[in-house]
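Go ahead and model the full structure; you've got the sequences and the hints to work with.
Chains as they are written, first to last, in the working numbering: chain A, 51 to 467; chain B, 2 to 220; chain C, 5 to 356.
There may be inaccurate statements among the hints.
Unchecked claim - Not the full set, but computed from the structure, chain A residues with beta-carbon under 7 angstroms of chain C:
| no. | residue |
| --- | --- |
| 1 | I62 |
| 2 | A63 |
| 3 | M114 |
| 4 | P116 |
Said to hold, decoys possible - With a cut-off of at most 27 angstroms between alpha-carbon atoms, the simulated DSSO-like pairs for lysine-lysine come out as follows:
| no. | chain 1 | residue 1 | chain 2 | residue 2 |
| --- | --- | --- | --- | --- |
| 5 | A | K348 | A | K190 |
| 6 | C | K253 | B | K113 |
| 7 | C | K350 | A | K122 |
| 8 | A | K122 | B | K141 |
| 9 | A | K322 | C | K350 |
| 10 | C | K250 | B | K113 |
| 11 | A | K204 | A | K190 |
| 12 | A | K348 | A | K250 |
| 13 | A | K239 | A | K446 |
| 14 | A | K190 | A | K56 |
| 15 | C | K120 | A | K56 |
| 16 | C | K120 | C | K143 |
Quick caveat, the hints were computed from the structure, so don't treat them as lab data.
For glycine and all other residues, C-beta sits at the position ideal for the given N, C-alpha and C.
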Amino acid sequence: MTDVVKAMRGFIADIGPNVALSLESCVHCGQCAEACQFYVQTGDPRYTPIHKVELFKQTYHREMGPFSFAYKFFGFAPALTAETLTNWQDLVYDSCNMCGRCSLICPMGIDIADLVEQTRHGMYEAGLAPADFLGAIAEKEHGTGSPFGLTSEKFRDLLHEIGTAHNVVMHVDEPAAEIVPTVSSIDVKTYPGSMAAIAKILNHIGLSWSFRTDGFDADNVSLTAGDRAGQSAITESIVKAAISCGAKILVMPECGHSFTEMRWEAANAYGKDLPFRVLQITELVAENIESGKIRVNKAPHAATYHDACQLSRRGGATEAPRIILHALGVDLHELEDAGDANWCCGGGGGVALIKRAQPLRDAAFAIKKKQIEATATPIVYTSCSGCRQTLDHGGKAASWTTTVGSLMELVADNLAS
Amino acid sequence: MTLLAFARGPAMQVATLVLIVGMFWRLSGILLLRRRVAHAAARNPFAVRLLGGAVTIVTRTIPRRTFWPRVGAGVALSYVFHIGLFIVLFGGAPHILVIYELFGVSWPDLPKGVVVVASGITLAALILLLVRRVTHPVLKMLSTPDDYISWVIVFLPVATGILLSGETIAGYGTLLALHILSIEALMIWLPFGKLMHVTLVFAGRFMLGHNFSRKGAAT
Amino acid sequence: MTAGDENLGEMLARRGFGRRGLLKFAFAMTASLALPPALAAAMAENLAAAKRQSVIWLSFQECTGCLETLLRTDSPTIAGLIFDFISLDYQEALMAASGSAAELTLRQAVAANKGKFLLAIDGSVPVADGGVYSLTGGKSNVSMLEEIAPDAAAILAIGTCAAYGGIPKAYPNPTGAVGVEDVITDKPIVNIPGCPPIPEVLSGVLVYFVSFGRLPDLDERKRPLAYFGTTIHDQCYRRPYYDQGKFAKSFDDEGARQGWCLFELGCKGPTTHNACASLKWNDGTSFPIESGHGCLGCSEPDFWDQEGGFYTSLAGGAGPGWRESGIAAAVGIAGGAAAAFAARRKTPEAQE
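Printed below as a string of structure tokens:
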């Protein structure tokens, strides 16, 4: 049932000068549409990024804007209705990865991707997060902290299993550790090799480290669902876990949004700057390669690299993977628009979890496929399991010969002894 | 009171005051909302962030090369209009005179022929922009009455200015009155519609540049 | 005094101007009045046969500048002679009589020429406080005007004061000065504005009236189209400089010395209708712009009150001052702040 009042309240709770400025500034130039994979591939103007936040914008004008009294009194902006909110669901969820290409092009400096994230708060509170998969997972996350309902005990067991299977020493629930890594639920489900790789790398560095089963899953599907409370709960449990073992560095896994959340948002939930550094695993590895703490063997081969939007464009960690690839002696054939302007794989922002969004994901994947094939390399590395899974799924449907590889697994396989 | 005396007198008083009140109201209404403090450690120090904000104001004038194939033509047309208008406004002798009489600063004007050509190109670009807006699927869908009102309100000063400069169709006094009145209409509308982008473009780009510089992210 | 029996042709012949001279004059006049040259012969004939035209001249709230200008024609041109030909049956500044003798003169002149005299007015008509600010022999201008106007054939409002109120009407207009047309609405009026007006304009109107028995074509402000149909800007010899963008920036700068356009020094030529740029002053000697000063717009209504004064260009207006603008900014900030603080109350204290 769509709760219109909750939607309205959810929208306005987020509005400060930043958001207000963004919502006031749009001049309807239409450039954001040309940056968005979903508009570009389908030609459907409804996928124009700023249009996705139209209800958020109208609510702002009616409730929070400098002339809100006039907007309300003269009806310059319509009030929310259950019908319009429902009509907007697929614009806010299915067709937006929050990848930020639109934010990169907007001549007025509007961070549209951020506005979509804010819009999801109101949509969630109105009961309009897509029921299938996404909503269910977010609910599971409430209970256990893991979108797949993985309990601490089960996670501990799983870690030991992985350690055994991959012949790597696992540290779990140590009372004190300088480095605390986290995982993405996609790694847990599909790519345990990535977790093993990270453990191997941390062993190689030599500092004390430990997984914490009281705060481990950084996937934070609540974030992409728009569940503010759930988002904070996950974040706080991870922060608490890191603090309780005196961590100096919190390491984020091969995942996009988890990095954005812990690096840039967690401190706000905590109320002040975190007492430890937050690094994505590629940043940690690059740092330690440059300081000499990590030594790798050369593994020369031709490859290309897909940037995860949240790590490069949104997160500021564009250079790290390239430092790593260079150190490994990889013959890197960069994609067109590689780095900060890259195209999203189409699976980010929770879109991968929405069944009915498959056609849209396929349309976005078509861009990546073309780009990757243009490099004529047999393997594309990435450092985000979400991207990895999306590229894998898309590749399978397209009967691809290109392999999708994890950058951390490549590093782990080539650590010098 | 003649139409010209009205335009230069009470109408100018009202239009200027509405412009000032409206602009300050809208900007302070935005900037005084409850601020969210960002607690996460910044990647860059304050000075770098300020510089990032300032630089972004400049760099966002040109889209990134990767976007050129898809937005290049539209952006170019928009710049033809804006630059043409800039040439007329800041190169035309009567406008420099207005600024001199208001603020005491002036600079050499451009030859009248150059300004005439620029004004014709500006008008043509403005008309093409409207055609684009009503035919392009994205723009058609996005456009609101604000977009069309703003277009008319910009069109009228350009058109009346051209007529005045050519001293054609009506007497000088009437044309001058209409030109000034059309500018007063623009002044009154500016704070409330999309024309406010004359200020918001600086604020928005700066804010994004600052926030992204904080993260070390691409601006 | 009544109009004599001698006609104008006979009077001119007495003074040494024959039919040929009159015809030459008529050609010049038709050109000046923008009439077709074919009418010149008819004009000459009519003028020759014209009887003395009675003119009663009332001076109201004026500075006497208009009268002085009209009298200061140097050489005895035919225009000047036509002034001689009109029977100026009443004019306070010029006539010998004064006091009650003058009042008697006026009454007799009106009675003798009822329905046929031209009523010339200079000076504005003050109407505030019962018209007490300008009295002649205890009678207010407005009551004199209302008493005498009904018997006139037509009214000539001479000078900007009589036409539109002029300098007494300037803000705050303490005497309630208005033009004649605001008091008398049921008589033909010709406005001959200017501060002062060009003498040849008045003589042209008189010639036309005497020749054709009616007033010349007027514009919507009741000014003779022949003289007020174009602006100073349209006839100004400095127009090429305007078109080329060569402007004097200050008095006595290089541009001023070169005789460049005076638009930036406040010239109101483009919006001022008059014949100064073509007929000029003092029998075609010069006019203000030729002497280096911009046109004041003195033949237009309210020219004393125009926005920004004489030296603000037509492009500039005044607008509110810095103080008012500062107050407006403060009002804007207050309004925006009020809206923002009302909105703040809707957002929770702590946000994630």
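* Asked: Which earlier hints can't be squared with this structure?
  -> Those not satisfied are hints 5, 15.
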